[in-house]
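Generate the whole structure from the sequences, applying the supplied hints.
Taken in sequence, the protein lines are chains A and B. As numbered in this note's numbering, the first sequence has no gaps in its residue numbers, which increase by one up to the final residue, 517. As numbered in this note's numbering, the second sequence has no gaps in its residue numbers, which increase by one up to the final residue, 1364.
I should point out that these hints are in silico values taken from the structure, not numbers from a laboratory. Where is the CB? At the ideal position from N, CA and C, for every residue including glycine. A few of these clues could be false.
Stated by the list, open to error - Selected chain B positions facing chain A (Cβ under 8 Å, derived; list incomplete):
{"no.": "1", "residue": "R1215"}
{"no.": "2", "residue": "E1219"}
{"no.": "3", "residue": "A1222"}
{"no.": "4", "residue": "L1284"}
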Amino acid sequence: MKVELVGIHKSFGPVHANRGITLTLEPGTIHGLLGENGAGKTTLMKCLSGYQTPDSGTIAVDGERVSFSSPDEAIRRGIGMLHQDPLDFPQMRVLDNLMLGQGQRLRPDWRWGRQMLKELGARFQFDLDPDAEVAKLTVGERQQLEILRLLALGVKTIILDEPTTGISAPQKVRLFETLRQLAADEGYAIVFVSHKLEDVEQLCQRVTVLRQGAVTGEVEMPCSLDYLVELMFGRGLPTIECPLVEPGAAVLDLDGVTIPSYRLTVADVGIQVRAGEVIGLAGLEGSGQRLFLRACAGLERVSSGCIRIDSREMTAAPYRRFLEAGIAYVPASRMEEGLVPGLNLTEHFALADRQGPFFVDWSASRRQAEARIREYNIVGEPATFVESLSGGNQQRALLALLRSGLRLLFLEHPTRGLDVDSANWIWQQLLARREEGTAILFISADLDELLERADRIVVFSGGAMSAPLAACDTSVEELGYLIAGKAEARETRAGETRDGKARDVVVDVWNPGHPQN
Amino acid sequence: MESRAPAKLTNILLGLVAPLVLALAFTTLILVAVGASPWEAYWNILLGAFESPEKIADVLAACVPLTLCGVGMCITFTAGQWNVGVEGQIILGAIFATWVALNLDLPQASMLAAMLLAGMLGGALWGALAGLLKAFGRVHEIFGGLGLNYVAQSLSIWLIFNPWKPADGATMSGTDPFPDAAWMPKLAHLRVAPLAVIIALVAVGVVAFLLRGTRWGLELKAMGKNFRSASLIGVPATWRMLTAFAACGALAGLAGAIRCSARYGRMIPDISGGQGYLALLLALLVAYRPLWVPFVALFFAAVGVGSPRLELNMHLDSALGGVIRAAVVLAVMMVGGWRALFARRRGQKALAAGPPTATEGEVA
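What follows is the structure, encoded as structure tokens:
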């Protein structure tokens, strides 16, 4: 199935997101769509998959002009899209999700569904339990389910929007193998939307680069990365300087802490974090790092052990006391847990100012908002509602809400979904906080980010935490081993080598004196 | 908030006039179907509501509890809570006020003050109970509220038929009349108590100010729009939710106290009179903007007071008034939904689309 997009235009109010984009997708090809945040990639793909209607331009499937008014129509013409955040129904079973949108029969054909799930699962080595609740799957597994659902719907062109954010390294390997199999062996057309050069380099045969809503180039792979970067940004990338800060006294001290949860228990972990230190938390999604981070912030119940902040006992204290002790928690899902859709920036700043007066002085709040917006380079006005900001600007807004003089800053995936430029900027802001003694703990799925930004890294695997590794003494490979160390099932499926090395590494780097940076 | 765009004429036209026309078209159809003259019917309702000072006073009196409950619900709706327990909160307010009236011997001013405060306390407790059930019992506030409504109803009937029964035997007509000190003074021979109207207007102003100008209002708004984000930012959301329920309950309880002190002068089994459910429609209609509440309450009250005349003069059922009110609410919500849909189609509110930012790279 050949898909042609010609001269696609799409505007949102004053923002011209797609400026006459032309793109051809061939069967059997993995086509990369590369561009920084806000380049118009997602908009274009939403036009193709029926979520949005282009303002002008044409879409043709096998030479026949089509126009979609809903995703359903696009799926019937064989075009399906996997969204950055899985659009599934977490409260329902895997099987229910697979059956949704399937046929017009009054009574769903459950047997057919189970059969389908089994066959497709075997074909791509996905191990999904039909009766498992989707909410309990990892992001990677939910993605697998979405792929199977689209395949079961008979889709021939599959669009994947930033599919590698939020999934683990082995899951990524599995995903790439699946995509290669679909394209090369089975003749599917795959569109791989990404801003990650290395992913595109590994996977794609053709790459179209977008910048500010227009195509800046289309290249056959392999191609020099420098050239792609130039097409993406129109300039070379700046590197940022990490200020060297001497870590001070211990601000966070965990001793023998056990965090029980429904799915997984993080047992008996301990760490000391000093002022100005940056700790990276690595691990497969759902290995306990988020549970650990939330427990450090007083957001999870701890069943034993003790947590001290600045030598003060905080175990079992309510979240409010943690806030008073000078912590801040920045979640990964910005619109669900971080910001409040329906409130504008001024209201956010007034809300976040916990010491503010009972009677809000709106004109002062507005001035404060203006100052923060300038300081944090947010593209928006004080009266802009947060939901109409782009992802990168939402992340900036979240950081702008943090007060100064924090003791501890916890972040989940601080640069997930951001382009290199924005990510650098975010890190510059974060690292600047070290100078006032703020210690930073962050979760990331990006090993390079962990190595580059953290002083020490701890790796989570199945609820166990490794001893801290000095970032300067370790490598992507070593982290990879540690991350996959105990996840046998995933690891073998991912086709990675497994030997005794992983355990040895733990012992080697374990250093009771904590490596200095 | 300060950011709200000034309401444009087209907005008012589309938001209020269009639904009104739609709703009237609908009721006109019904009237035509039953063979009555629509113009005559509407004229009768209008006359029924405003033809004499007595009628106007009745309309104003009917406005008071509606307004109090309506602004109360603006609070809980702002906090994202479906407080359908207002009926029960009215009843508890009336029960507390009745206890004061029947058991204390006070001069009029202190008696009325005590009754109103007791009513607020009763309503606030009953409201907070729905909140507690939600926060600690994991009972959704809709079910908690409905359940508590039944409990309150049964409680009031038990009180009327047992401890508070009149000397000559309990009946559905309620308790003995209150002592004179517990009657809210009326305006001359009219059935409206000026004090009640003043209280309602003050409540509107206070709630509007609390929601717009205070941290409490901002925090309620934030948790109503996103409970998890608000909690993470540091809003003590459970506590705020309870205060919202209690505040709404206090206003509903005040309405209950006023109904038994100013309207009936006794406690009756049907003291809430469905005002709670009517106020729910009202709060939906004004989209939680307290300043609009009295105007819509006036409309609701006028239709309510005016429609019995349909029965007298045209032999139509006065339930038509209820149909008009419900049709207006449904039409307003429908037109609102359509407008949101069209706005999205036009791409002005491209939320679902994940707003693109072609300009970001240039500015940043």
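Do the hints match the structure? See the list:
Proximity of R1215/B to chain A holds as hinted, the smallest CB-CB distance being about 5 Å (cut-off 8 Å). Interface restraint check: E1219/B against chain A, minimum CB-CB distance 7 Å, threshold 8 Å, status holds. Given hint, A1222/B at the interface with chain A, holds; its Cβ is 5 Å from that chain's nearest Cβ, closer than 8 Å. Restraint check, L1284/B versus chain A: the minimum CB separation of about 17 Å is more than 8 Å; hint violated.
Checked against the numbered hints above, the structure violates only hint 4.
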